[in-house]
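**Q** Since each chain comes alone in its own frame, lean on the hints to assemble the complex.
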Amino acid sequence: MRELKNDPFLDFFRVDERFPHILCPGCGIGTTMATMVRVFLDLGIKQDELCVVSGIGCSSRVTGYLDCDTFHTLHGRALPAATGIKLARPDMKVVVIGGDGDIMAIGGNHFIHSARRNLDLTVIVVNNFTYGMTGGQYSPTTPTQERAATAPFGNVERSFNVCFIARAAGAMFVARSTTFHVAHLKKMIQLALQKNGFSVVEVISQCPTFYGRYQGLGDAVKMLEWLKTRSVDVEKVANPWSVKDRFVIGVLHDQEEVPPYSQLYQELRNRAKEK
Amino acid sequence: MILAKTGNEAFAYAMKQINPDVVAAYPITPSTEIVQLFSNYVSDGEVDTEYVPVESEHSAMTACIGAAVCGCRVMTATASQGLALMHEMLFIAAGLRLPIVMAVASRSLSSPLNIHGDHSDSVASRDSGWLQFFCETVQEGYDTLIQAVKIAERANLPALVGIDGFILSHCQERIETLEDQVVRDFLGRRKPAYNLLDWRNPILVGPATLQDYYFEFKRSEIEGMNQVLPIIEEVQAEFGRIAGRKYPVLEEYRCEDAEAVVVLMGSACGTVRVAVDRMRAKGKKVGMVKLRVFRPLVHSLLKKSLVKFKKIGVMDRVDAVNSYGGPLFTEITSVLYDTDERPWVFSYVYGLGGKEFTPEDAEMVLEQVLTGKEDELVTYVGVR
Ligand SMILES: Cc1ncc(C[n+]2csc(CCOP(=O)(O)OP(=O)(O)O)c2C)c(N)n1
Ligand code: SF4
Numbered sequence: 320m321r322e323l324k325n326d327p328f329l330d331f332f333r334v335d336e337r338f339p340h341i342l343c344p345g346c347g348i349g350t351t352m353a354t355m356v357r358v359f360l361d362l363g364i365k366q367d368e369l370c371v372v373s374g375i376g377c378s379s380r381v382t383g384y385l386d387c388d389t390f391h392t393l394h395g396r397a398l399p400a401a402t403g404i405k406l407a408r409p410d411m412k413v414v415v416i417g418g419d420g421d422i423m424a425i426g427g428n429h430f431i432h433s434a435r436r437n438l439d440l441t442v443i444v445v446n447n448f449t450y451g452m453t454g455g456q457y458s459p460t461t462p463t464q465e466r467a468a469t470a471p472f473g474n475v476e477r478s479f480n481v482c483f484i485a486r487a488a489g490a491m492f493v494a495r496s497t498t499f500h501v502a503h504l505k506k507m508i509q510l511a512l513q514k515n516g517f518s519v520v521e522v523i524s525q526c527p528t529f530y531g532r533y534q535g536l537g538d539a540v541k542m543l544e545w546l547k548t549r550s551v552d553v554e555k556v557a558n559p560w561s562v563k564d565r566f567v568i569g570v571l572h573d574q575e576e577v578p579p580y581s582q583l584y585q586e587l588r589n590r591a592k593e594k
Numbered sequence: 003m004i005l006a007k008t009g010n011e012a013f014a015y016a017m018k019q020i021n022p023d024v025v026a027a028y029p030i031t032p033s034t035e036i037v038q039l040f041s042n043y044v045s046d047g048e049v050d051t052e053y054v055p056v057e058s059e060h061s062a063m064t065a066c067i068g069a070a071v072c073g074c075r076v077m078t079a080t081a082s083q084g085l086a087l088m089h090e091m092l093f094i095a096a097g098l099r100l101p102i103v104m105a106v107a108s109r110s111l112s113s114p115l116n117i118h119g120d121h122s123d124s125v126a127s128r129d130s131g132w133l134q135f136f137c138e139t140v141q142e143g144y145d146t147l148i149q150a151v152k153i154a155e156r157a158n159l160p161a162l163v164g165i166d167g168f169i170l171s172h173c174q175e176r177i178e179t180l181e182d183q184v185v186r187d188f189l190g191r192r193k194p195a196y197n198l199l200d201w202r203n204p205i206l207v208g209p210a211t212l213q214d215y216y217f218e219f220k221r222s223e224i225e226g227m228n229q230v231l232p233i234i235e236e237v238q239a240e241f242g243r244i245a246g247r248k249y250p251v252l253e254e255y256r257c258e259d260a261e262a263v264v265v266l267m268g269s270a271c272g273t274v275r276v277a278v279d280r281m282r283a284k285g286k287k288v289g290m291v292k293l294r295v296f297r298p299l300v301h302s303l304l305k306k307s308l309v310k311f312k313k314i315g316v317m318d319r320v321d322a323v324n325s326y327g328g329p330l331f332t333e334i335t336s337v338l339y340d341t342d343e344r345p346w347v348f349s350y351v352y353g354l355g356g357k358e359f360t361p362e363d364a365e366m367v368l369e370q371v372l373t374g375k376e377d378e379l380v381t382y383v384g385v386r
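If you read the sequences in order, they're chains R and P. Numbering-wise, the numbering used here comes out as the position in the first sequence, counting from 1, plus 319. Numbering-wise, the numbering used here comes out as the position in the second sequence, counting from 1, plus 2.
Extracted from the complex, chain P is given alone in its bound form (with noise of 0.2 Å):
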C-alpha cells in the first residue's frame, strides 16, 4: 500500500506489524508520537501488544529487558536524555544477547537544552553493544525497522534504528508498505536461546562473574558482533524478496572514476546526493558513500571501497569533543591505516542541535575535498 507518513507514523507503523509481545516507553520530544501512535493501534486492538507507560527511559529499558528475558519480542522508542537515561540498561540488553529493537529519532544532548536533530544520542551508545542503523528517509525507516527485528533475532543482539529528529521524525513522505500478514510471516515468532519463564529448565540471569567468567562472556559477545554482518546480508536479501527495495550496507553514490568522495549516515545522505549530481553536472568527479550500519562497523566493506578513492571527507553530525576528529571520522582512518593507498582524510562535523545543512554546504564540504587543502583536522560546516 502506498502512505503518507511522517518517520514517526512510519515507526509506529512498523511497530503495529510487528506486533510486538511487550513494548514499554516513556515519552520524549521528537519520538513521543511513535509510541503515542502505537499506544492507540494497542486500544484499537489492532495488536497484542502489553504497552507499559513507565516513569522513566531507565525503567522503560528495564522493563524491556524484564519482557525479553522471558522470551517475549520487545520493542520501544526514545531519543536523546531518554536514551542517555537509558545507557545503564543498554548494556544489560547486550550483555544478556537479548534481541529488544529501539526506534529513536536522534537529537542532541543537553547542554544547552535543544530538541532538533543530530546523531549524538546513538552515537554516545555507540560502545554498549547494540546494533545501530542510521536511514535516510522514511521509506528506509519503516523497511530498517522490520527488517531490524529479524536481524537482531537472529544475531541475539539489541539493535538501534535511527532517523534524524524532526527532519525525518515530523516530514512526510510517500511510503511503501508491506501487508500486515506479509509483514507477520516474514518475521515470524521469536525463538528465543533461553526464557526465564521455562520452569522445566530453571535458569539464573544476570549472577556476578568475577575473574573467572567476565572476560569469556564479552568475548563471546563480541564474537556475536563479530557475526552480524552475513546475518544482515542474509536478512536484506530475504526482504528484497518480498518488498523489492534493497539497501546495501553501504552504497556508493556515483563513485565511478570519482577524485573526491564524502561519507556519512542520516538523512543528510539525501541532500549529499543533490550536491554531488550538481557538481557532476559541473564535470567536477565526486561522488558520496552513504553508511548505514554503524555497529557493527562494517570494516571490510569500508576498506574495499575507501581505497579506491584518493580524498575523502568523513561528515559527522556529532563531534566527539577533542577527539582527533568526528566519530566516524575516526574509525575511518583506522579501517584506512593498514592499507598501501592510504588516501587523505577529512573530517567534516555538521548540522549539531539540526542546524540546517543544505546542497550548497554540502557542495562547498565536496568542493573542499576535492581541492584537499584542508589546514584544520575538523572543518565545522556553517558554524558562526
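In isolation and in its complexed conformation, chain R is listed as follows (with noise of 0.2 Å):
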C-alpha cells in the first residue's frame, strides 16, 4: 500500500525511496518531470490508472523517480514495451518518456512504427541536443556543425527534427515547447493526454553540463535565457517547418483523429470471436 504524504504532488514521487535524483543541478530534466505529474494531477490521471515507460539515458531516468506504474526498458526500447502495455490494457494511460538518443537513435525505427501504427499514447522527447548520461556525444538532434564529445570540429551529419518526423509519420498531435516555458509546456503536455492517438510533446531542454558546455552556452540560468529568446510561438511564424534557428513552440499538428491501433485491434478481436 502507498503511503499518503497528504500532497498530491509530492505522493506522486518516491521521495523516500529514490531522492536525491541523480539529475545534475540545472538540468532541464526536473521541470519536465514536474511539469509531467502536475498534468496527470490537473487531468485526473490516478496513479493506479497510469504506466509511464523509459528507455536507458537520463531522461529515462524519470520512471525510478515516479510512484506510479512504470517500466524502465533498454536503451531504445521504451516504445515497443509500451506497445505490449497498451495492448494488454488499452484502459490505462500509457506514456512514453525519453531523450533524443533514446527515441530518435538507437529507438528511432520504433518512433516512426509506433506513429504510423497510431498508436494511443503519448510521447515525451526530451531533447537536449546529446546523450547527456554517456558524457555528450552528439545525437540525431545536434545540429550541424554543433560542437559535442565526439564532434571536436562540429557535427558533419544533418540533424531530425522531431516534430516533423512525428508528424510525417502518422502522429495526430504533436507539440514542441522548452523548460523555460513552464506554463506552456504543461498546455502542450496536457493538449497531448487529451488527445485520442498517438500524440508527441518535444521540450528542448537544457543540459547545461554538456551540450552547453560544448556550445559555450554557460550554465543552466544562461541556458534558459538562451531557450526563452531563442522560442517563437508557432502563431507568428507563417511556416513552422521552414524556420531555421529557432525553436518554434506551440502545436505544430493537431489532426482529426481516427480510430486509434489499440481500438482497432480489439475490434478485430471481436470480430473474430464472433466468428
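Honestly, the hints are just simulated from the structure, not real lab data. The beta carbon of each residue, even a glycine, is placed where N, CA and C say it ideally should be. Where hints are given, some of them may not hold.
[Claimed, not checked] Here are a few chain P residues that face chain R, going by a calculated C-beta distance under 10 Å:
| # | residue |
| --- | --- |
| 1 | P29 |
| 2 | I30 |
| 3 | V37 |
| 4 | S41 |
| 5 | N42 |
| 6 | D46 |
| 7 | Y53 |
| 8 | G68 |
| 9 | S113 |
| 10 | L115 |
[Said to hold, decoys possible] Computed footprint of chain P on chain R, listed as stretches where at least three residues anywhere in the stretch have a Cβ under 8 Å from a Cβ of chain P:
| # | region |
| --- | --- |
| 11 | 388-399 |
| 12 | 416-427 |
| 13 | 448-459 |
**A** If you want it as C-alpha cells, here you go:
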C-alpha cells in the first residue's frame, strides 16, 4: 500500500526511496518531470490508471522517481514495451518519456512505426541535443556544425526535426515547448494527453553539463535565457517547418482523430471471436 | 614508456598505436571512454582512422563488418547491452572470417539494470565464433589488445579482449607501453584473404547457402578456430621479444605440490593471488590456475594442467542460469571427463553485478575447496 503524504504532488514521487535524484544541478529534466506530474494531477489521471515507460538515459531516469506503474526498459526500447502494455491494457494511460538519443537514434525505428500505427499513447521527447548520460556525444538532433564529445570540430551530419518526423510518420498530435516556458509546456502536455491517438511533445531542455558546455552556452540560467530568446510561438511564423535557428513552440500538428491502434485491434479480436 | 593509465585509457592508447583504418562505435558505460579518448586521437590527427559514430551498437558492428570486408583493419569497443545488441552481427563477422578486434569493458546484463563488472556480456557471446581474451591487469589488457590484432588477422577470425568493467576500466595502473613505431612494425598491414573492393576479382559476400554448403562453411569456421592456439602462442612469443612481457595462455600460480587450486579468468586473479600467498604462508597447499583465453577453449592445456590436482574450484563471474554449474565449470568438467584422475571439481559463482570479491572471499573459497566438503553443486559467493 502506498503511504499518503497529504500532498498529491509529492505523493506522485517516490520521495523517500529514490531522492535525491541523480540529475545534474540545473538540468531541465526535473522541470519536465514535475510539469508532467502536474498535468496528471490536473487531468485527474490516477496513479493506478497510469503506466510511464522509458528506455535508458538521463531523461529515461524519470520512471525511477515516479510512484505509479513504471517500466524502465532498455536503451531505445520504451515504445515496443509501451505497445505491449497498451494492447494488454487499453484502458490504461500510457506515457513514454525519453531522450533524443533513446527515441530518435537507437529507438528511431520504433518511433516512426508507433506513429504509423497510431498507437494511443503520448511520447515526451526530452531533446537536449546530446547523449547526456554517456558524456555528451552528438545525437541525431545535434545541429550540423555544433560541437560535441564526438565532434570536436563540429558535427558534419544533418539533424532530425523531431516534430517533423512525428507528423510525417502519422502522429495525430505534435507540439513543441521548452523547459523555460513551463506554463506553456504544461499546456502542451495536457493537450497531448487528451488526444486519442499517437501524440508527441518535444521538450527542448537544457543539459548544462555537456551540451551547454560544448556550445559555450554558459550555466543553466544562461541556457534558460537562451531557450527563451531562441523560441518563437507558432502563431507568429508563416510556416513552422521552414524556420531555421529558432525553436518554434506550440501545437504544430493536430489532426482529426482516427481510431487508434488499440481500438482497431480490439475490434478485430471481437470480430474474430464472433466467427 | 612508463605511464599511469586506466584500463580504458590503456585500450585507447593501444588503439592509437594500432592505428586501425576504421573504428565504428556507440557509447555505453563503462566502455564509452575507450572510443571517446580514441576519437581525440582522431581529431588531433594522430591516427589515420575513419571514425564513425553510429546510432546503435548493431550499426556499429555492421559498419565494422562493411569496412572489414573491404580489407580494412577495424576495431570497436562496447559493453553489456551494447554487446548484446551486436549479437546478430557477431556471427556474421565470424562466419565471414573477418578479423575485427573489439575491446570490451565487461559489464553485467540487464535486468536488473546494473553498470558494474561481470562476465555475462562476453560469455553470452561465447558461441558466436569470436576469440575471447580475459585480462587480469591494465598492462595485460594493453598488451593483449595489440596481440589480438595480429592473432585475429593470422587466424582470420574476430577477437574480443575483455577487461572487467570499473575494476580495470576505471582504475589507474602503472603500465609500460611500447613506442608507436614498434607497435606498427609488429603489426604491419592487414593482408586480407579477400577484398570486396578489388574490382578485378569480383566476389560475392554473404549469399545464401542452404543444405548444399552451409554445414561445410560452418565446419571450416570451426576448423579455423581449432587451429588458433598455435597462432596465439606464436604471436605471444613474438610480442615477448619486443616487449619483454609474456603471458601464458594458462598460468599456474604456486601450483607446485598444490592439493587444491581454483581456476578463473579476469581481474579477480589478482585477488586470488593475494589469498594464495596468505594461505601458503600458513602452510596450506593451494594454488591458482589463470585462464587467459576462453575461446578457443584450450582443452589440451587445461587437461594437462588440471589432472595434477585432487580438488579444483572453478570460479565464474557469470551464471548460466540453471545449467550444471557456471559456464567455465561445465567446460572444465567436460574436459576432465575422459581422464583417469577425474579430480573433484566444485563450482563457484562470484561477483555478479560488480559485487565486491575480496581476498578474504577468495581465502574462503580456497579453504572450502581444500576441505572438499560441498553439499551444493554451486556456491554463490557472498550472496545474502
Ligand atoms: C544498447 C545500449 N547501448 C548504449 C547504451 C548506453 N547509453 C545509455 S544512455 C545513452 C544515451 C542517452 O542519450 P539520450 O537518450 O539523448 O538521453 P539523455 O541522457 O541525453 O537524457 C546511451 C548511449 C545502453 N544503455 N544500451
Ligand atoms: S548530463 Fe545533462 S541531461 Fe544528464 S542530468 Fe546532467 S545536465 Fe541533465
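**Q** Confirm or reject each hint.
**A** Taking the hints in turn, this is what the structure says about them:
no.: 1; hint: P29; result: holds, 4 Å
no.: 2; hint: I30; result: holds, 7 Å
no.: 3; hint: V37; result: holds, 8 Å
no.: 4; hint: S41; result: holds, 6 Å
no.: 5; hint: N42; result: holds, 7 Å
no.: 6; hint: D46; result: holds, 9 Å
no.: 7; hint: Y53; result: holds, 8 Å
no.: 8; hint: G68; result: violated, 18 Å
no.: 9; hint: S113; result: holds, 8 Å
no.: 10; hint: L115; result: holds, 7 Å
no.: 11; hint: 388-399; result: holds (count 4)
no.: 12; hint: 416-427; result: holds (count 3)
no.: 13; hint: 448-459; result: holds (count 7)
The structure is inconsistent with hint 8 alone, although it conforms to all the rest.
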